[in-house]
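Asks: If you want the building blocks of each chain, they are given just below.
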Amino acid sequence: MITVPNLTPVAEPLHVGEQIFQPEFGRIRTVEQVGPLEKLFTIELPGGKSLDHRPGQFLEVSILGVGEAPISISSSPSRSNGVFEMCVRKVGDVTSAIHRLQSGDKIGLRGPFGHGFPIEKFRGKDMLFAPGGLGLAPLRSLINQVLDERALFGRVILLYGAKTPPELLFKDELREWAERSDIELHLSVDRGDETWTGNVGVITTLFKFITVNPRNTVAVTVGPPAMYRFVLMEFMGMGIPEGNIYLDLERRMKCGVGRCGHCQINNIYACQSGPVFSYKDIKGLEEAL
Amino acid sequence: MSLKIIQKSEILDFIHRLLPDYRVVGPVESNGGYAFEEISDPADLRLNYTTTILPPKKFLLPPQELLFKFDNTNGGHLQPGPEREPTVIFGVHTCDLHAIQLLDAVFTNGFADPNYLRQRQQTVLISVECLTPCDENSFCKSMGTLSADEGYDLHLTDLGDAYAVDIGSQKGEDLLLDYAASKDAAPEEVQRLNAVLSEKWPKFPYRLDFDVSDLPSLLSLSMKSPLWAELGERCLACAACTNVCPTCFCFDIKDEVEMDLKHGQRVRIWDSCQLDEFATVAGGHNFRKNKALRQRHRFLRKGKYILDAHQQLGCVGCGRCARACLVDITPVGVFNELYRQTQVEGKL
Chain A
1 MITVPNLTPV AEPLHVGEQI FQPEFGRIRT VEQVGPLEKL FTIELPGGKS LDHRPGQFLE
61 VSILGVGEAP ISISSSPSRS NGVFEMCVRK VGDVTSAIHR LQSGDKIGLR GPFGHGFPIE
121 KFRGKDMLFA PGGLGLAPLR SLINQVLDER ALFGRVILLY GAKTPPELLF KDELREWAER
181 SDIELHLSVD RGDETWTGNV GVITTLFKFI TVNPRNTVAV TVGPPAMYRF VLMEFMGMGI
241 PEGNIYLDLE RRMKCGVGRC GHCQINNIYA CQSGPVFSYK DIKGLEEAL
Chain B
1001 MSLKIIQKSE ILDFIHRLLP DYRVVGPVES NGGYAFEEIS DPADLRLNYT TTILPPKKFL
1061 LPPQELLFKF DNTNGGHLQP GPEREPTVIF GVHTCDLHAI QLLDAVFTNG FADPNYLRQR
1121 QQTVLISVEC LTPCDENSFC KSMGTLSADE GYDLHLTDLG DAYAVDIGSQ KGEDLLLDYA
1181 ASKDAAPEEV QRLNAVLSEK WPKFPYRLDF DVSDLPSLLS LSMKSPLWAE LGERCLACAA
1241 CTNVCPTCFC FDIKDEVEMD LKHGQRVRIW DSCQLDEFAT VAGGHNFRKN KALRQRHRFL
1301 RKGKYILDAH QQLGCVGCGR CARACLVDIT PVGVFNELYR QTQVEGKL
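In order, the protein sequence lines correspond to chains A and B. The numbering used here numbers the first residue of the first sequence as 1 and each following residue consecutively. The numbering used here numbers the first residue of the second sequence as 1001 and each following residue consecutively.
Okay, chain B solo, but in the shape it has when bound (with noise of 0.2 Å):
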């Protein structure tokens, strides 16, 4: 689609201009790094943030989220959760883009989600095209997701002075419009934009020691690795991993009650593979029942039975994991000790 810029002075008023009509999310700064939060001060908005602790969706799928009300004095009255606001997510980097769209793959096929298509729909995504590397844990470009051709409404791309925006959806285009003060791009304004693209690429290092298209067939030779087993030793099966990831979506559903004993709520909570009950049954067999098991679940969900199932990877390489785990288990790491083994082994 077309190219439009917007001189960086402008952001602000877009934001402003939004204020009454969406709920803005972005990246803010929070206790010494960012995190994705509501927007009341457009000035607050920081879009060369490095990362956040918590991916955005946390705005589509919230950690706790309400699917009816209840009222058991008239025999179980259903009352459905509130609709939901029309939202603008600022500054979502590619990888996030990317687990995004996968998310949308993930609650749209077989049985739709109503709870998280009714947010989506009314969410407009405006990426931000990474120029640096967040740290020496993403591993986005190994992933192929340091770049997005769609899965965006509008993406901004920093030139010095002003943003190059791509518009990704009409959804977007009719928000610039009706919304910022924009342009088109001159010709130079292009170039610029093409130079910032490829010299950015050399700045970011590929971290794995294979081709990603290789991990799924790694992963499924490595079902017997004894690398399982160090990672169970070393696991605190605090869950860490699956609360920050971006992709993670499994959940569990409980009942709360108000003090009256007969009006309450049911709700959806983020829940983890991690944790020791998660695969256990009526009876108290665990099919899990180690956290060797329950890591080996983990890495093979993100790099085979997720792509099984979607046809997209279920890591993006944002690195939250790595940064999030106290024992150092990460998925560069792990993902380069299967690969060595199964070198050794003369497997791959």
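Pulled out of the complex, with its shape left as it was, chain A reads as follows (with noise of 0.2 Å):
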């Protein structure tokens, strides 16, 4: 028997591309290098308009000529000044393409799109986050937030785990991280090389250096579909409630507003009810993991 999560589709309005299908442009500000694979962009919207963004959130991006591929956002809506980050992985025409535009190149968006984080329910709560690989994109927005209100949030404990350390994204702001004693960090890889001292093993490897008090936590994680189950397990493991179990869904959304069929988990558009859903709500559907 298959249960019917009660998820409501989002209903907010879309603040660029509001045609749907019709990209709007913006542009781009800074291109920085953040793996071998990946490019942090800097994108301001026109009219100095406001994203208005969620973490978790995602945009259809385009290139015109090229084609279009959901991005997740990967700045916090705290620190927007007048323009958002993605970071994106240059693994298809969509992503080359864009990873040969520059600073001052037009971009295509429509969105955002989904439901992102329900952010207000974790305040006050310690959070733990187990993002893998790229996963540290989408959910750099959520951690950011959470950072820039710090004083509202418990323990903040990040375990991130890459394939090797050159693939560890974000390392300047992971040695910042690393620094701050209310950030309890913790990192992996599963290969090592010469310059690593640190874990060596897959992001279930790090479960082991810390504790929770499982009734006050929420675990997020964000990664590629083989991890999921892993990480779950540990979350479970540590008594987390599945309620208090978040995780990022990404699929290849080419509508974003729930038609295409893409992104159908089951009888749910991942585009619409998430990516981003509690793992009480997504348990039951068997094409969720």
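It is worth saying that the hints were derived from the structure and are not from the lab. Nothing false has been slipped in among the hints.
For lysine-lysine, the following DSSO-like pairs were computed, each having C-alpha atoms within a straight-line distance of at most 30 Å: (1) 163(A) / 208(A); (2) 1262(B) / 39(A); (3) 280(A) / 1289(B); (4) 1200(B) / 1171(B); (5) 49(A) / 1262(B); (6) 1291(B) / 283(A); (7) 1254(B) / 106(A).
Starting from the two chains in their separate frames, assemble the complex, guided by the hints.
Replies: In structure tokens:
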């Protein structure tokens, strides 16, 4: 028997590209290489418009003549200053074309789409973040929002894993976070190199370094599809309630408005009812993980 | 609404009068069967057709649809798609009428789809009552689509030498008034209509072995059925089933570039959950990696998921997918087999 989660599709207006399929054009302010295949783009919207996004939302990003791809927003709304950031891994036609863009170039945008993280429910809790690889890109939006409201949260724990040391993203920020006494940061890589002195192993090998108060902890994970089940087992093993575990289930959304079908997980559309879900809401959906 | 009568001999004139103002579409003979085509000669219209390979959906949600043209020479100027033509679709069967009502809901709920609505708002639907079954693949009676109380602008029922015309909307009433010679139905014509409608009913068999209201729970109970693996073995993943379906609406969005590499267009094209890459994500993981999962998804959509979202079943019983399938996967066969399995297991 499959359960029908009681999930509400978003009803918030789009801030760019209100005509649904017609992108509006932002302008790239800066481009920074943040990983071997990853660049961070700082983008401003036309007319000084604000993106007004929530952490966890995504945009459809267009390169005319190449196509469109869903990309999550990597900057925190608390640090918008009229611009936002997207971290793009060069893996396909559209992302390769985005990588060719330089400061001053225009970039097509629609969105933001989907529900973000319900941060209002997180305040007062201990936060346990466990992103894998490129999963730090969307989660960085939430992490920085939490850090900007640091006094409203309990502990902030970040377990971050990547395949190799060069693939750990946002190294400057990681260094900054490592120095802060109010962030518990643990890094791991699947395969070390001669420079690496830290933990070696998949992300789940970091859980032995921490203990949490499960009743007061919100746990969040984003990463490659293969990772979720194992991280979930760790969260559940710590006793964190299903309703306090959040996942960002990213799919190849083509439309963003709940119709094209590509992001469908059983009966729900990730672009509308997600991509952020609590584990409690999606555990009956076998296509989720 | 009030009932009108239009003589069959008047239909040709009706269409002749429409042609200067409307694109008129209807069933015509095509390759030994029938197809919905644009009509230039009204004599080509066949209102007593059986079924078509593609449903009239293709005029509302075209297989390929221009979203906008772009010009990269001046940094990304966009030019919206062309205005849509006012269109009259003649001869829509009630199964397809139910399907269009579903598409209306799908493309209106949430973020309304301007492309679909621009065409839909300029479209007049003239449906026709089916008096005999199309063939052994249709199962409209089981799905509750053998008649329609709404969704049409005008609805025709064949009374022999004339059609009874039920007016379903102001748009339909205006069209009839402006373009057709009709008269109010006399009491004996109303009687004749009632007789025709009651005579037709027994001619249509029920093809499902259970009541359709049990279909959603039947499918929920069948997530682990061995039938899906069996269908997966047979399925060729050709996507014919979804291509001919009047309610399938999934699509892809693609860019096409002209030879100068500066100008081009973004188009929406039909896509199919039956194709291998449909649920593949960045990094290559496929969330429906085999045909069994994709067939299950298709039938769950038709009988449950779409109902959950739009309060209307996603299958209208037209039988087109059954006719199109090269390996004889049919909704009637699938639904009845799942029912048999649940009966054996004592579940439903």
